[in-house]
Amino acid sequence: MKRLLKKEELNRLLLGLMKEYDVIAPIDEEGLILFRPVTKVEQVLWDYPNSLKPVKEFFLPPREVLFQFKRGKVQPANLSLKKRVIWGVRPCDARSLLLLDKVFLDSTQDVYYREKRKSTLLVGLSCNHPEKSCFCTSFASGPHHKEGMDLLIADLEEGIFLLESNSPEGEQLLKGRGKEVNKIDEKIRTKIKEKTERKIERKLKPSQFLERLTNGFDSSYWEKASRQCISCGICRYLCPTCHCFDIADEEGERVRFWDGCSFRNFTKMTSGENPRFGKRERFKQWYYHKFGYFKENHGVFLCVGCGRCLRNCPVKIDFSEVLQQLPAQAQTPAREG
Amino acid sequence: MKCSIASDKFRRKFAEQIEEICGERISLCYQCGKCSAGCPVAYAMDYLPSQITRFAQLGLIDKVMKSSTIWICASCQTCSVRCPRGIDLAKVMDALRILAKRKGIVPKEQIAPLFDGIFLGSIEKYGRLNELSLITKLNMASGRPFKDVSLLPIMLKKGKIKLKPQKSNPGKEVRYLMRKVEKLESK
Amino acid sequence: MARIGVFVCHCGTNISATVDVKKVAEIAKGFPGVKFATDYRYMCSEPGQDLIQKMVKEHNLTRIVVAACSPSLHEKTFRTCTQNAGLNPYFFEMANIREQCSWVHDDREEATLKAIDIVKLATAKVGKNNPLQTTFIPVEKKVLIIGGGISGIQAAIDVAFNGFKAVIVEREPSIGGRMAMFDKTFPTLDCAACILTPKMVEVNQSDLIKLYTYSEVEEVSGYVGNFKVKIRRKARLVDENKCNGCGTCWQRCPVRLPSEFDMNLGKRKAIYVPFPQAVPNVPVIDQKHCLYINKKKCGICKKVCPFEAIDYEQEDEVIEEQFGAIIVATGFTMFDHSIYGEYGYGKYKNVTTGLHFERMLNSSGPTGGKIVRPSDGKEAKKVVFIQCVGSRDEARGMPYCSRLCCMYTAKQALLLKEHNPEAEAYVFYIDIRAAGKNYEEFVERVQDEYGATYLRGRVSKIFQRNGRLMVRGCDTLSGTQIEIDADLVVLATALIARPDAIKLAQMLHIPYDQNRLFTEAHPKLAPVETVTTGVFLTGACQSPKDIPDTVATASAASVKACGLLSHEKLPIDPQIARVDVEICSGCLACKEVCPFGAIEKEEIVDRVTQQKRWVAKVAPSLCNGCGACNTACRPGAIDLDGFTEEQIFGQIESLTADKGNER
Amino acid sequence: MLEQLRKKAKELLKNKEVEVIIGYQKSNNNSFTTPCFIESEDGVDRLTWDEHCVYNLSLYLKEVKGKVGIVAKGCDVKSIVALMQENQIDRDRIKIIALECQAQVDQEGQILEKCRTCQVHIPGMYDELVRSKTSPSKIESKESDKEYSVLEELEAKSTPERWQFWQRQFEKCIRCYACRQVCPLCYCSECISEKTAPQWILPSPSLKGNTTWNIVRAFHLAGRCIDCGECERVCPVNIPLRRLNKKMEKEIQTMFNYVPGLDSKKKPPLVDFRVDDPQEFIR
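First to last, the protein sequences are chains U, D, G and W.
Going by the numbering used here, the first residue of the first sequence is number 673, and it counts up by one from there.
Going by the numbering used here, the first residue of the second sequence is number 4, and it counts up by one from there.
Going by the numbering used here, the first residue of the third sequence is number 1026, and it counts up by one from there.
Going by the numbering used here, the first residue of the fourth sequence is number -13, and it counts up by one from there.
This is chain U alone, in the form it adopts within the complex (with noise of 0.2 Å):
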């Protein structure tokens, strides 16, 4: 179902969710852009670069209590949750869930990522002005994809949003708001889809990563390509796909907690033994993880192209060029990196 609202009549919207769900939205926190509950509509912003930190939050939290104990008494964690609304997911975000779906839900379901994902909404947003660090449309994804939301907003500027629902729950929410599409709205949607797709200047060819990772895993050139890195849990931890965790008890409490491939401790093991000791060794393992094992294992990339690990890399590294650089052969690599 596709409708046409305005403005005022998409905060009405906003607002009545709000009566009835927790609402999640993209806020401005002292300069930073974050997805924070609100409680006001007008707190929430509609034009912004996506948020610094993606939705992954929500489903798998920086911290998160697996159960209580004290003194051999163990204390499940609740899992039941109000049902909630995530609003303004950006299209690259929302595919990203549908990939964090195949890791938690696929197999072994993840009990804690299953319950916050089945009580949430996903309305999104589409996007109208990419960054240049953007890279959406090489992975599958692009600025007006509705892949993984309920509802998507499209904003065809001048106050006016086209709605398009990709669910039942998201049909649900549009029945009897706005007016109905016509063509030529359509045909205003598509122009500027594409103004913004061609806005997305850098283009990547994921289609020969594999064959190059299969023959450069030895290759000296993840030595000099790794070098700037100083290891930090940036790129990891801002990724929307990124979903490796650690698991400590800390006073009472078993939590899950965010780790990452880049810190040297990650698999070092008790008895001392650390397979990816190496900076190399760390750095490498991120374009493995994600354009090689995921790949193989799940048929896509673990990645969506939202342009957060190059934006916030604190030494300007170009995670994009990285695998293109890599040498299609196995021989020598290029002299400097």
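Zero decoy hints are in this set.
Taking CB as the label site, the calculated pair distances span:
{"hint": "1", "chain 1": "D", "residue 1": "84", "chain 2": "G", "residue 2": "1508", "range": "32 to 40 Å"}
{"hint": "2", "chain 1": "G", "residue 1": "1508", "chain 2": "D", "residue 2": "189", "range": "36 to 44 Å"}
{"hint": "3", "chain 1": "W", "residue 1": "193", "chain 2": "G", "residue 2": "1544", "range": "40 to 48 Å"}
{"hint": "4", "chain 1": "W", "residue 1": "135", "chain 2": "G", "residue 2": "1318", "range": "57 to 65 Å"}
Footprint (simulated), chain W over chain U, 3 or more residues, beta carbon under 8 Å:
{"hint": "5", "stretch": "923 to 931"}
{"hint": "6", "stretch": "981 to 992"}
By construction, these hints were calculated from the structure, which means they are not laboratory data.
C-beta: ideal position from N, C-alpha, C; glycine also.
Following the hints, put chains D, G and W in place on chain U, whose structure we already have.
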């Protein structure tokens, strides 16, 4: 109070004088104060016995001679018995009194020197003490003529005082002894 | 899982009067891991220890906690007891419920609760104790003695008597120190030289004693049993092996200089031996004043020396030797009393110090034993001695009593009278401290027999009137202000630490007090030891001491040193710091903060990267387990055996676990 | 300046004085720079120098083995000094190509806070110095007097207010450890935050753990931090970390009259003991 202590020679001479009279060495005193602490009449003295010793050590003769202490000392010998350095302080006091008398430094307000004179006079005259004349003479001389008058009848009644002086036979011998002492003293 | 036994001591009524020991034991039964708990009247008694050993067998205990007094008293007792029970001695913890509980509290209920917590901490810790093993290190059988005064000389003689080698390092050209400057010694009035020189000769002739005079210790590293010491042998410019001390050189030397040994009252030459009995009897050339060295003129000494012993080209030499123990005998120096302007030092030539007077008394001294006024050389008849100059003066001097001034002043007053019966001696004192065998009698004799006048009080001012020194003081005993016209004033200046004492202390890693005096390990029970094992103290570098005390500490220190050396190997306490080289990043902050110099740099090959890198290494024999490195280590690579982070965390957790969840 | 820089770099490589030069090159989108590692003479032309060279390259010194040349600004040289003091690098294998630097700018083109009070426009230690011919001063020199003015606002707050301020900041922390990783002085091979037996710092991003982490880091840098400001720059959630370190710097300067990174012969005060050290804090 500012004063220079006496010269070494003078001090030594003074100490020797005392030693000559009573045989006690005041240089032994290390000022522990036990004499002053035990003296039963210290309350009435202007300087404590230990202070007198210190003055004597430093040769401050004037201070020693003019002090009431040497006259108030009752020679009870408490200090002598207790002195850790074995100084017989009662003897030293005696010596100081003798020296004072020799120098003619006898304070008028002190009864003790008066008493001594009258006492010795009585001995010289009678060969032994005549209590009645001693009391009468002493009270008259010290300007308190009626001091002990009320006691007289009781003492007479109990035979403690005789109106007539009792003479001792060997009065001559006593006088001889006293002459001899005077002779020695004047040397 | 550890099986813990808790034993709560009554200590008679020392603990039980304030702490409900039965209750403590009862509650301890409920602590994690505790399998047995009881109380007993005297745990340290033989039946008490038997009880522990019996219960270990009966209840199959693997860890012991004794709640009693301070570990400094009985930890060793119970460690041995634990060992005798068949357990590692470090599977024992002591809970101090006496000094830290019963003795300092009076509320029985509260004190009992506190005792329970203290025991809980100990049980939490003991459960995480690791078995520790005592290790051993070899011993170099040679003692270094720093300082060649009477203290160092006596120590060397005693070490040699015990059959061990000793090396004396003396800064001056001759051994002998201060005692060589004295005339006679109190209270016996023995001639100082007569009793000192035989010892100096003995040291010189002993096969076991080596003398490095005109030398200084420059660097000390290593640890007990294995000290490595660098010694700088200053250039004498005279070959010790060739010279036989004939004296031709100094007789002919044209340069006359004030003699330091004679307190500048006499003269010496630019090539000189400090005093006739010097050991070794080899002169040194004073490079600052030698005409040849400075102006390339003269050179007479070289020409006249029949043995060609003069070597102007000689240079300082630094030698390194290894020692098993070190005895510090660096002595003292005199307080600089010029700070007391009222005593007119420097202004009036006739105001001198005890050491000046001592040289004047000495018949081989600069005045040939005459007491004179330095101003005109005429005989001094009236001498005023002032005690406590710089001692017992918190405002401007040292807070402590210098301890021997009372005695040497009495001695000097006596000797003054012996030299000239006509002379007068006046002594201003605050208290007479004559606490020694025959000391009090001596002071009395000086007053009584020799007629020295003792005046109790400090001198306020020394000034000049009609060309004579006027000393204004007070006799508090008579309550009179006193002025004495004196020929000579002798100040009994305080004995103080040498100016470079701190440098030496830091080199040896021994502590010193606010007065820069070296600190003994325990003022009562370890008076000649320092906290650095293998370094011992003797003489006045520790506190002012007279000759008998100095000699006594010298013998004590040498016995302690020889005791160490008599072992083939030395055991070391295993409760020391340990570096986890996997974590150590080699910043060596630990090395900087270690007060014992126990940490050194070590190169290792990294297990993972296979590359060389620097890490910290603990020398077990030097480490005292103080934990300073532990706190300085940022990544937590250093842990302290016996006090590991796990143990401490365990203790904290045990206290917080049940105290409600305040999160 | 750039010409000079490239020339000197070329010489060093040519004469085999160094095997690699760590410098700056233009990043892919050209408006910024990124660190680069140059191992041959013909790579030298990639070197660049402008007001976007914010990175403190001394960070890489420890991991690059052998003889190495480094392009360094005044502030970067301070960290090299500190690393030498702490035994981390061997001065002999390092050639410092120092650059006179007026100021660096952030992504928005604003002059960095630290540059406004910079005292080391010309580095204090170097092997080669590249100076600008004109020396245009973008900075009012007076501002260097106000070194600690950045703290004024915080110091004016009451203790509870300050605590609240920092709690709000630490709440944001995601424990990406970028502050640690970018810090040249956070070189520990294993960080205390990674220690698990016992665990000093809760590893998950909880307020408690975050607070401990950030405060422990500030303490570990006390008397050592040379104020390159990199931690604050890289923090993805904008925690004003520089203020934390600057406060420590100020306290230590007041107490011990010591500024880190200026003299490699001096001992940092927190690993040094002197009898006359101020001891008010333990009274």
